[in-house]
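Here is how the chains run, residue by residue.
2 protein chains.
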Amino acid sequence: MKTRAKKTSRRIYLDYTSSTPVDPRVTLLMKKVEGICVGNPNALHEEGRSAKKIFESSRKSIADNIGARADEVIFTSGATESNNLAILGLYNNLIDKYKKLGKTPHIISSSIEHKSVLEVLKHLESKGVSVTYIDPESDGTFPMKTLRKTLTPDTMLVTIMHANNETGVINDITEIVREVRHARRKLNMTIPGTPYFHTDAAQSVTYVPIDMQKVGVDMLTLHSPKVYGPAGIGLLYKRTGVEINSILFGGGQEGGLRSGRELPILAHGFAEALNIATREMSKEVPRLTKLRDYMFAQISKIDSNIKINGHVDNRLPNNINVCIPNIDSEFAVICLDEGGVACSSASTCMNTSDESYSYVLEKIYGDKSCATSSLRFTLGRFTTKQDIDDCIKILKRVLLLQWNK
Amino acid sequence: MKTRAKKTSRRIYLDYTSSTPVDPRVTLLMKKVEGICVGNPNALHEEGRSAKKIFESSRKSIADNIGARADEVIFTSGATESNNLAILGLYNNLIDKYKKLGKTPHIISSSIEHKSVLEVLKHLESKGVSVTYIDPESDGTFPMKTLRKTLTPDTMLVTIMHANNETGVINDITEIVREVRHARRKLNMTIPGTPYFHTDAAQSVTYVPIDMQKVGVDMLTLHSPKVYGPAGIGLLYKRTGVEINSILFGGGQEGGLRSGRELPILAHGFAEALNIATREMSKEVPRLTKLRDYMFAQISKIDSNIKINGHVDNRLPNNINVCIPNIDSEFAVICLDEGGVACSSASTCMNTSDESYSYVLEKIYGDKSCATSSLRFTLGRFTTKQDIDDCIKILKRVLLLQWNK
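If you read the sequences in order, they're chains A and B.
Residues 100 to 504 (this note's numbering) make up the first sequence, in order.
Residues 100 to 504 (this note's numbering) make up the second sequence, in order.
Source of the hints: derived by calculation from the structure; they are not laboratory data.
Accuracy of the hints is not assured; some may be wrong.
Copies of the same chain look alike in the list, so a pair counts if it works inside one copy or between any two.
To be verified - For lysine-lysine, the following DSS-like pairs were computed, each having C-alpha atoms within a straight-line distance of at most 25 Å:
hint: 1; residue 1: LYS406; residue 2: LYS131
hint: 2; residue 1: LYS196; residue 2: LYS226
hint: 3; residue 1: LYS248; residue 2: LYS484
hint: 4; residue 1: LYS248; residue 2: LYS221
hint: 5; residue 1: LYS382; residue 2: LYS313
Chain A on its own, in the form it takes in the complex:
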């Protein structure tokens, strides 16, 4: 019996949600400013000023891209820090007010958020904050009706991701904003201005246009290495008027909200990456949607019991997450890798060995069956139809091997 899938000589990378390679155009542009960004952007001299100029023009470019003001963009080290800053920063800013009124702040989130939201919330629960984790519908969408019922006068924050990193299912953040605003007007809030709404849009921004002027989100997280930009930088958009406290203390960079060395070269790459994504979105979304639907159709042909996890259409155009009967997803990922295909079982943004199944799929289905037997293929800018065809061949071999076991 053969125990391994035949190894192809070339690699088929279908894990763009875990990490996007840096676009060569971004790399090129970063190289161009390397010689300009020598000084510390806070220095008074030419070397400092040149670096500052690159840094601030990158901020302006990103702000323009998402319909924000430049001073609403806070650069961070990445999405994890942005999510921490949004949630902890707001908590630190408001907790004394709640305490004075003898109230406990309340946060609403979903049970399928990224760990960089869930773990912050767990930490706040240990400090006495009340958190409601709303479970998704069986198609992975956020149950809007539950949100209205869950909002209370003490709700300080609603934090719901724009698109889920595992299923790619897109949440209607405009609708969430409407609910949040409705609560602000109707609920006689303990703290005026609450509840605030934060969303992690790290996965969606490449595929769904985001315009801060239209959508009315209070805080939004973006991450450079999810949009073909360099790793080491991300941002938190914070609407003017929303007050948060810093979580890192020091030199007072980023308007006092994020101390630490400014990163002009990385910011420049991040800005260009967002530019490219925005510019190419109208062509890339239909191209990937077509590829994705083609791939799912091919997978379905292998076995009709294979079903897609999450809503079939209301999902990012690059995401295929399928529940495959009688496989061990981690073992399948390893076999596919040996065959030349890079894909994923659960979220790759975790480093904890105790959770090898997908808590997202567990919440969606209410049990662990699909959570341990699903595969996520995420396509990207450099994915071709040939990649899909080759992947399907390898997947077929891997599944037949697993089913024969």
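Based on these hints, arrange chain B on the given structure of chain A.
Positioned in the frame of chain A, the structure of chain B alone reads:
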């Protein structure tokens, strides 16, 4: 009357303490691994594993460099985050124990620490922590005798930088460790194991050998863009057995102590930068010392009233910080910049417009005179004798213009 110093066509960069340019050898090595570090280091597939391998071998290389174990190296976004993690992380880990015993934790630091330490301490003071800021001697050195008198059974942490970023004066951390250990044995500490000792060695590591096995420091901060490595990465060394809490919550990377996307390419550059620094230290230190002493002698010739700030010899080999009578240091920095020289007045790691004088020099002298009329020239790997000679000519012109005002 001429109002500007004559502009030279070439730039003389003498602000290496604010920021070191990335060494071209580091850039080259980073480029080599760009194609290997495509995947998320947490992914199971080849792209992830390759990135992880680069990342972990970088950690090992750095650990070997400083006499640490690989699992004692926690990668962060930079020195600010490392200092925050060391101090807040320890506080968060121990505060409940102090509270249970009805005690207030006490921290000892110096009044001339970097803002990324001072601002964290200010934040902790607002939470009730008692902090003693020890003033430096008039030569900028740390008064060791005061330390012993200041240690109490409630002292949780001593945090003193290895070398000051403004004056370059080096503190004897071996001696501090001795005092800290003496307290641990003799003072009947409220929490066994305390006080811990943390030091920010971001500025010193290029010039002073650091061996964790010999020095007995509990936590130590390093920063890549201070050692000719890429910006966006730093580290906290944490001795095995020292327990701290995470300050960023999420995927649980870095042994649960620093969640967020791992940065293999930046780590690789950081590791190589430290390798080069260590390898070249024995040649570079005497070369820079000679240049520094030569430069100070030349500056003294301009006016005999110009004096060096901080100890003349017990300082980093690249640091010249001079108090110049009757000048406005910020204006001088701007004039020097126009003349082609990049140098600095106070710390450049601050973004607050309300502090344009040097709080370090204010503390050293006990008044603001030198704090507003000092210049810092910091030499580096690419500084030549010609740079110094040219700088002296320009400085002479700038000073004569200022004195004629």
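Each hint, compared with the structure:
no.: 1; hint: LYS406 <-> LYS131; in the structure: neither (47 Å within a copy, 41 Å between copies)
no.: 2; hint: LYS196 <-> LYS226; in the structure: both (15 Å within a copy, 16 Å between copies)
no.: 3; hint: LYS248 <-> LYS484; in the structure: neither (45 Å within a copy, 73 Å between copies)
no.: 4; hint: LYS248 <-> LYS221; in the structure: within (22 Å within a copy, 41 Å between copies)
no.: 5; hint: LYS382 <-> LYS313; in the structure: within (23 Å within a copy, 60 Å between copies)
Comparing the model with each numbered hint stated earlier shows that hints 1, 3 do not hold.
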